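Can you make the complete structure from the sequences, with help from the hints?
2 protein chains.
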Amino acid sequence: MYQNAFVIDGLEYCKADRSYFESLQKGGITAVHVTIVYHENARETLTRFAEWNRFFEDHNDIIIPVMSVNDIEVAKKTNKVGIFFGAQNCSPIDDEIGLVEVMRKQGLLIMQLTYNNQSLLASGCYEKNDSGVTNFGKQVISEMNRVGMIIDMSHSAEKSTLETIEISKKPICISHANPSFAVQALRNKSNDVLKSLINSNGFFGFSLYPFHLPNNINCSLDEFCQMIYKTADLLGNVENLGIGSDLCLGQPLSILEWMRNGKWSKKMNYGEGSKDNACWPDPLKWFASPADMINVYKGLIKCGFSESDADNIIGNNWFRFLQKNL
Amino acid sequence: MYQNAFVIDGLEYCKADRSYFESLQKGGITAVHVTIVYHENARETLTRFAEWNRFFEDHNDIIIPVMSVNDIEVAKKTNKVGIFFGAQNCSPIDDEIGLVEVMRKQGLLIMQLTYNNQSLLASGCYEKNDSGVTNFGKQVISEMNRVGMIIDMSHSAEKSTLETIEISKKPICISHANPSFAVQALRNKSNDVLKSLINSNGFFGFSLYPFHLPNNINCSLDEFCQMIYKTADLLGNVENLGIGSDLCLGQPLSILEWMRNGKWSKKMNYGEGSKDNACWPDPLKWFASPADMINVYKGLIKCGFSESDADNIIGNNWFRFLQKNL
Chain A
1 MYQNAFVIDG
11 LEYCKADRSY
21 FESLQKGGIT
31 AVHVTIVYHE
41 NARETLTRFA
51 EWNRFFEDHN
61 DIIIPVMSVN
71 DIEVAKKTNK
81 VGIFFGAQNC
91 SPIDDEIGLV
101 EVMRKQGLLI
111 MQLTYNNQSL
121 LASGCYEKND
131 SGVTNFGKQV
141 ISEMNRVGMI
151 IDMSHSAEKS
161 TLETIEISKK
171 PICISHANPS
181 FAVQALRNKS
191 NDVLKSLINS
201 NGFFGFSLYP
211 FHLPNNINCS
221 LDEFCQMIYK
231 TADLLGNVEN
241 LGIGSDLCLG
251 QPLSILEWMR
261 NGKWSKKMNY
271 GEGSKDNACW
281 PDPLKWFASP
291 ADMINVYKGL
301 IKCGFSESDA
311 DNIIGNNWFR
321 FLQKNL
Chain B
1 MYQNAFVIDG
11 LEYCKADRSY
21 FESLQKGGIT
31 AVHVTIVYHE
41 NARETLTRFA
51 EWNRFFEDHN
61 DIIIPVMSVN
71 DIEVAKKTNK
81 VGIFFGAQNC
91 SPIDDEIGLV
101 EVMRKQGLLI
111 MQLTYNNQSL
121 LASGCYEKND
131 SGVTNFGKQV
141 ISEMNRVGMI
151 IDMSHSAEKS
161 TLETIEISKK
171 PICISHANPS
181 FAVQALRNKS
191 NDVLKSLINS
201 NGFFGFSLYP
211 FHLPNNINCS
221 LDEFCQMIYK
231 TADLLGNVEN
241 LGIGSDLCLG
251 QPLSILEWMR
261 NGKWSKKMNY
271 GEGSKDNACW
281 PDPLKWFASP
291 ADMINVYKGL
301 IKCGFSESDA
311 DNIIGNNWFR
321 FLQKNL
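So the protein sequences, as listed, match chains A and B. The first sequence begins at 1 in the working numbering and counts up one residue at a time. The second sequence begins at 1 in the working numbering and counts up one residue at a time.
Quick caveat, the hints were computed from the structure, so don't treat them as lab data. Small disclaimer: the values here were computed from a predicted structure and weren't measured. Treat the hints with care, since some could be wrong.
Chain copies aren't distinguished; within one or between two, either way the pair holds.
To be verified - Below, computed lysine-lysine pairings styled on DSBU-like, alpha-carbon distance capped at 35 Å:
#	residue 1	residue 2
1	230	159
2	169	324
3	76	195
Structure follows, in structure tokens:
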């Protein structure tokens, strides 16, 4: 039952303010994986943490920081929303292995090794050539395993992802993406990656970002849920699947441009959009706010999942994965 | 009894390596306030934390990090040495109020508002004019109170110190200095400061740095202990007194020069030394290593303190002060 499950969204990057926090609470969301940085370096990441500390101080009647799964249980019991942080790139550690532990202590629980392009650690999914995991990357994977920071390969290239799954001594996650069999997109994942991920007990979160969905902004709730059903069938697995909506509400176009171009490019890159379609995609009608997670839950049951499976996909699976790997 | 007391040194800045950690353990030191930075900014401070995390990883049979007094109790029970961190300047927070909490989470338990010169927060004891506590300083004091980071005014100017004692809602410390009545030195503290500090339940740690002692490098153990006895008598207080040795072993001259000049000066400043006496002072014969803390303990009893008072001054007082204010 939705009300009794841990409802966990495995990726959001919405404009943080009280109305956002209220919408999470009203939507019955137990916890959210919030992207705290995309391209910020170590020093800039401290400012992001400072900003969030202020949110926790000012809105402690609604949100609490998650440093371990115990805090998610507290959130559930007190009807608050737990926030746990991830970085979509490895920029917070600069070029220093020791900053993995420093950032973990600050509350960075998840980190992508790459964001679309080449990083110091591995290749992103937009690169023509895939370096695989670099020397520094191997060290960082081992250090992330040691300190309990979860590896996320949502935006990484194929070989880099497969190598990371093999090198990492702990299961990794792909917090927000979809299977390539449903939609061919650079960001989506091949059957090989999906199988390797799940066989190593890794976790897959399905994305609701229109560019990664069948029929884009016209994707129906049923099409979305059928994609999950087919994936579960293909993999013979439900317990390692969840949602990572990639919801980005209230962000101006300048943020999207910065996400796509950071500070590295003089040319405009449009990511999965194009020059004629440069803006944020329109939101899905059935998933236009965090509170619409209940629609996904109902859709899962309608398309054939049991209530227990729907409970697990809507968040209990995320909870158990975090419990094992943080 | 020395063996049963918490033996706590309220300030050291020795070259960190295994032999130093062993000397602390062999000397029966329960915990040490280690200076992690002098002039490092926020980003540089992260590297210092990363270096110490590595020490904790590599030497976890001897040292443990102290995030709360509970860790000091663990250190005592397991015969390890607890390390708790302080900054001798406010450089780790740059100009950002939010970095107080960020640094506290990283393990910075104590911070001086100034180091000899003017800072963004207050004046140091080497300044001709004393600004008192600045606008930013007032905000930082309040924030340090909120997050449980202890204010240290060891290197601060008189008015700045008196104002801080008044503004702070929690007791502050002067972790390492001596009374001016014993030795006139810019770094030592007037009777006014001592009384104001103790009356507000603040803490005073006596320094063993020769430049702050009666008779400098020739100071006898008895002279040192008599100074403590006279201070206790003057203040009518033993429970807020302890040791902050300022022991700086194994550091090259370049470190002393950096401590004195940071990056702000093109001229050489010699601190409490002089051009003809520019080097580290020779160590005291009876306090040449952390293990010599037992000499101080014996000296305290010889000069008239009860065993119980000596237990308290050698560390139980520090323990209780930290317990109340972290």
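With identical chains treated as interchangeable, where does the CA-CA distance between residue 76 and residue 195 reach 35 Å or less: within a copy, between copies, both, or neither? Within one copy only: 32 Å inside a chain, 50 Å across chains, cut-off 35 Å.
Is it within a copy, between copies, both, or neither that the alpha carbon of residue 169 lies no farther than 35 Å from that of residue 324? Close inside one copy (13 Å), not across copies (42 Å); limit 35 Å.
Alpha-carbon proximity between residue 230 and residue 159, which holds within one copy, between copies, both or neither at 35 Å: within (24 Å within a copy, 72 Å between copies)
Hint violations for this structure: none, all hints satisfied.
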